[in-house]
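Visitor: Chains as they are written, first to last, in this note's numbering: chain A, 201 to 448; chain B, 201 to 448; chain C, 201 to 448; chain D, 201 to 448; chain E, 201 to 448; chain F, 201 to 448.
Simulated from the structure, these hints should not be mistaken for lab results.
Just to be clear, a hint being listed does not mean it is correct.
Stated by the list, open to error - Facing chain D, from chain E, some residues (calculated, C-beta under 7 Å):
id	residue
1	Thr255
2	Glu256
3	Pro282
4	Ala315
5	Tyr325
6	Thr326
7	His327
8	Leu343
9	Asn345
10	Val379
11	His397
Even glycine gets a Cβ: it sits at the ideal position worked out from N, Cα and C.
Protein chains: 6
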Amino acid sequence: MLLHLCTWPEVETYLNQSTGIIMPIGSTEQHGPTGLIGTDAICAEAIAKGVGDRTETLVGPTINVGMALHHTAFPGSMSLQPSTLILVIKDYLTYLAQAGFTKFFFINGHGGNIATVKAAFSEVYTHLAQTNIAPKGEVTCQLANWFMCRSVYQKAKELYGDEEGSHATPSEVALTQYVYPDFIKTAPLSPEVARGHRITTPTEFRRNYPDGRMGSNPALATPEHGKEFYDLAVEELSEQYLKFIGRN
Amino acid sequence: MLLHLCTWPEVETYLNQSTGIIMPIGSTEQHGPTGLIGTDAICAEAIAKGVGDRTETLVGPTINVGMALHHTAFPGSMSLQPSTLILVIKDYLTYLAQAGFTKFFFINGHGGNIATVKAAFSEVYTHLAQTNIAPKGEVTCQLANWFMCRSVYQKAKELYGDEEGSHATPSEVALTQYVYPDFIKTAPLSPEVARGHRITTPTEFRRNYPDGRMGSNPALATPEHGKEFYDLAVEELSEQYLKFIGRN
Amino acid sequence: MLLHLCTWPEVETYLNQSTGIIMPIGSTEQHGPTGLIGTDAICAEAIAKGVGDRTETLVGPTINVGMALHHTAFPGSMSLQPSTLILVIKDYLTYLAQAGFTKFFFINGHGGNIATVKAAFSEVYTHLAQTNIAPKGEVTCQLANWFMCRSVYQKAKELYGDEEGSHATPSEVALTQYVYPDFIKTAPLSPEVARGHRITTPTEFRRNYPDGRMGSNPALATPEHGKEFYDLAVEELSEQYLKFIGRN
Amino acid sequence: MLLHLCTWPEVETYLNQSTGIIMPIGSTEQHGPTGLIGTDAICAEAIAKGVGDRTETLVGPTINVGMALHHTAFPGSMSLQPSTLILVIKDYLTYLAQAGFTKFFFINGHGGNIATVKAAFSEVYTHLAQTNIAPKGEVTCQLANWFMCRSVYQKAKELYGDEEGSHATPSEVALTQYVYPDFIKTAPLSPEVARGHRITTPTEFRRNYPDGRMGSNPALATPEHGKEFYDLAVEELSEQYLKFIGRN
Amino acid sequence: MLLHLCTWPEVETYLNQSTGIIMPIGSTEQHGPTGLIGTDAICAEAIAKGVGDRTETLVGPTINVGMALHHTAFPGSMSLQPSTLILVIKDYLTYLAQAGFTKFFFINGHGGNIATVKAAFSEVYTHLAQTNIAPKGEVTCQLANWFMCRSVYQKAKELYGDEEGSHATPSEVALTQYVYPDFIKTAPLSPEVARGHRITTPTEFRRNYPDGRMGSNPALATPEHGKEFYDLAVEELSEQYLKFIGRN
Amino acid sequence: MLLHLCTWPEVETYLNQSTGIIMPIGSTEQHGPTGLIGTDAICAEAIAKGVGDRTETLVGPTINVGMALHHTAFPGSMSLQPSTLILVIKDYLTYLAQAGFTKFFFINGHGGNIATVKAAFSEVYTHLAQTNIAPKGEVTCQLANWFMCRSVYQKAKELYGDEEGSHATPSEVALTQYVYPDFIKTAPLSPEVARGHRITTPTEFRRNYPDGRMGSNPALATPEHGKEFYDLAVEELSEQYLKFIGRN
């Protein structure tokens, strides 16, 4: 149930049953020599659709450019400034809240978004409290990072151990291979891979992580793994969503 | 050639051949009783991919929420404030320009975006001129509205005459039917349809256009028409793009 | 009836009869070798006064610096950033709306303002809807470009044909000559004049249009023509205004 | 020498002789039962033209809406937010500085502008220092309030004593009578007039100063006085300007 | 009674007795060869505590970085942009006003803050009037500059005459010596000291005032003088505060 | 070595030895029935001074109001909007970076700041990269949360077990008791304490956590414990700082 594929009377009907909505948020940034630039958006969107189907919940449009300033020394990476992303989330939620949505469940594919999205939630709450936009009462938001699902994390450790790393990971690459089996990329990957550096400026990031990977070996990824991750994430996040929505 | 489905080394290679990129921009807003809320984003994205394929050009991520404040009295409609959309476009272009892109060809699916996107271009030019972000020289942008292509316009007039209208048009609905044949919606449409009112506030808009259509009869749309529109738009915009890119 | 030349009790009295107001908006930018830098503000202000007199309507202060970033490579040109102009229009309307004005009729002298002013209107509508500023009900705005009046356009074509061009036009120059007969400037004008280039960055604009004219021959202008344009614009815009104000 | 009545080649020539410019700034706000709403803009503009003529200096467009939030409980009063006015001044100076102007002499007609204009100057200096906009070297600004000229102040005390007051003063009303002799307003003025209250919110301001005057008796104003104030202000500010411009 | 050293139930109790609060604001900027960088914050905070004790009033957290852009060519100086400081003050007051505070008495230690703080008050009033944040009625603010207290000024003239100067003054240095007797600094001070230059850009400021002093001889300061200034300021500002708080 | 207690020549000298600086950041928010509203600022400031002394490092002014929107339903709580806090940090770092500082070590006392501070760092890096503000090369920042020090965490678990909780914790209360032994507050604390709720809006927060505590028993705190926490945090963060500063 994608919002994009509904008509407005269908949304009106939906709101009689539920005021919850799933919001996918990803990023457009380098994912190492073989990872797709859209990895984070692809994963978030696919899983959000899965959770939407399973829980009969509407899924909003994907925020496909997130906060990835630290990756911008690699060509093809894009980013919003944190303060822009805050405004975007504020605008996204304002008109949905005005229409009656009250429960926003963000499914996130990118660690770099977490800080800004949390900041945005606080700013949204204040904005809505100081105006009379939301007619159905208090709006609450939840941020759910698919790659931090317990089941996903355990599966990744089981399959890849230390080679999971923390960026351009085999788990996320596997998931994109499952979603886009025609776009599996290969490239020579040096067996040694940088890890453990703090994330600071774009140029320092590229100096520290010259091929873009952070401690990962994405060559281990397979589409079959991708399906496993997809199933685990959809299941775990569906439960989280239902708990969130039922909490009121 | 979608940016989302490339790796960063592929983008690096691409930049040796071309510094042009196609940016689809749509909207998430009501399109009458039978039109999809994502109509404008779906059309812009599909045509952008077509132009990208035909001209071997990279296609960036779709801006799928645009400037649709006047539609926000209908549930499911979303919008950025114009000033937010200006910031978004500024951020989008900053890091692509920094990577070496100099020619941005926006394929737009929503009339309501035009004013703000033009304003954004001016603001981007000034921003880039006052900093040293763009290493490959002056960045220029072009806005191309697929629904204003001469060939598309003529075809719509030929097929629908006055019933084309100006929002939730059969031509755009047809195009979404072509792209998403499984999501063709039907609903009773009154033969009389409002037309000719100025666009002002959201509430006045809904008062004037109670079912969301502006002078259109989307029941005339067919997926076959959609393919025709798609082909015409891709051909005409490909030519426009090549002219734009070759202008330097 | 200029707001600037009224007292506040006079405005209070006026509001008992009408809640409409005319807002002139121009620009401060190069207008070729012989055109005045204030051309767009001068024209908008003069015509606004004429419409105000004819329709017994209050005329607000002229916004005399508009969105003219593309002209800023010529000395003497000034501009607001689009996002600043949006804030300015928002502030201008907020306190007038609070005082009870509900119908804002912008008479515009500069094509470059159109996009930003339209964006501003949307942002104003949202702002007013989310607060309780406007006590007399919904505020609506209309943008009227004097140079796009049908009668003006036809007269310009009749007098100048292709030499009307699109910037530093004989019609606008003529109007300033009528308003300021002591400030008629002359300068050698090459018979060949650039035309047809897209408007992008300031530097490219000046490269393409080295003397600032866009396809025009302002040497054809006379103060007598100016009076004709003035009369036509005042008549046509007065009708538009009365239609606008009576629409509620 | 008004910028609005020059061509761009004339500005180019001017810049070879001088990089100074005079910027009038006023306000659009209630001035008591008989004072014009445009008083502050009218005075600043008239005196700026006088100083421009006497010192052969270019005069920029008048900022005719300033910071007058405290007056906005009276109909017809307008205001920019301080943060908007800062942006406006930043934009105004950016493109003039880029063209080569380095000395900005603001002639101000409204006490309420002083704080924000000073804040804006600081923000402009920083902005220009962090970019490479200004090609002719360091930009400096000066704020000159005509009503605080020593000679003006003494003349007002001499003519009106305590009845000069601090808003809707006979001196400023006189100056507008001199400039617009056809717009001299009369109204019954109570002999008792409020004075001495601090300026806080708009509603408290109107409660404290019910007819808008602050300790003043504008009935004492005459156009002849207005001419005296005009001459004194032009002379004193011309000297200030020449000192400012010669300081480098 | 420092807010920082209270619990929230204590604040709740306090609000039953008083809705006034004292807000110290200083700066972090060079104060000549011997003055502490924190001078303005130290003075404002100490005096605010004194006034709070004497009048049994709550004292909020000190704004210790203010508007000091003109000092930023000296190492260790910090500043907020004026537009940032406006936002900071708006945020500070929003939640205190929401909790029921209505009277904000700013004790200021830095002349450079005055313009921006006044601008901020206007913006706060408007913001609160357009929302429903403040439940206990209209909020008002007062700015009190300790160094402009009549008694302080007279004492400084009496002790230092012309050598008081206007920045890095012996009076403010003395007050910091009284508060921090262990941090009395000495350095050779040239007997000649710059004075009388206008304040413009940071680089011009440092060129004009090479050691940071503006006409002052801080070597005259003693901790004993500091105590005198402290006592005078506390007494005079306590009276001002009580008058302010009782005004409603 | 507090910046506030230095002169500018001392800072100039310091910069020859080190370009590192410690920036304390806290919050002003409710800390339960017995915790001080300034707890987070007090802790951050005290520990920062300790680390500064131990490592001979300059300590900047404390940001004492942070991001605490979720606490604002309790009187006395204050907060910056996240977007304001981003601007504040940007301004703070701009002029210190311009003076030559390159290593900013933030010692943080409030979990609610983490997201926004991280977002701010990204925005600062981009800002500095797009301008030429920082003369000594690339600026980097590190965020160190004293309460997340391994040694502190272990000690708190050892002393308090589950009663440590996550807000108004005995560990932070103890630290304030050590710093301000004269301000130890007592109040009846119900043995049952709320825990485990997600943090959303201010009103929901207060509903969920009616006395402000989150799972904690601050009655266990003693000043002696406070000294232990202080010593552990200073030692661990001093090591972190030295590693950070030596990393280049």
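Visitor: Are the hints correct? Go through all of them and say.
Guide: Cross-check of the supplied hints:
no.: 1; hint: Thr255; verdict: 19 Å, violated
no.: 2; hint: Glu256; verdict: 23 Å, violated
no.: 3; hint: Pro282; verdict: 4 Å, holds
no.: 4; hint: Ala315; verdict: 4 Å, holds
no.: 5; hint: Tyr325; verdict: 4 Å, holds
no.: 6; hint: Thr326; verdict: 5 Å, holds
no.: 7; hint: His327; verdict: 9 Å, violated
no.: 8; hint: Leu343; verdict: 10 Å, violated
no.: 9; hint: Asn345; verdict: 13 Å, violated
no.: 10; hint: Val379; verdict: 28 Å, violated
no.: 11; hint: His397; verdict: 9 Å, violated
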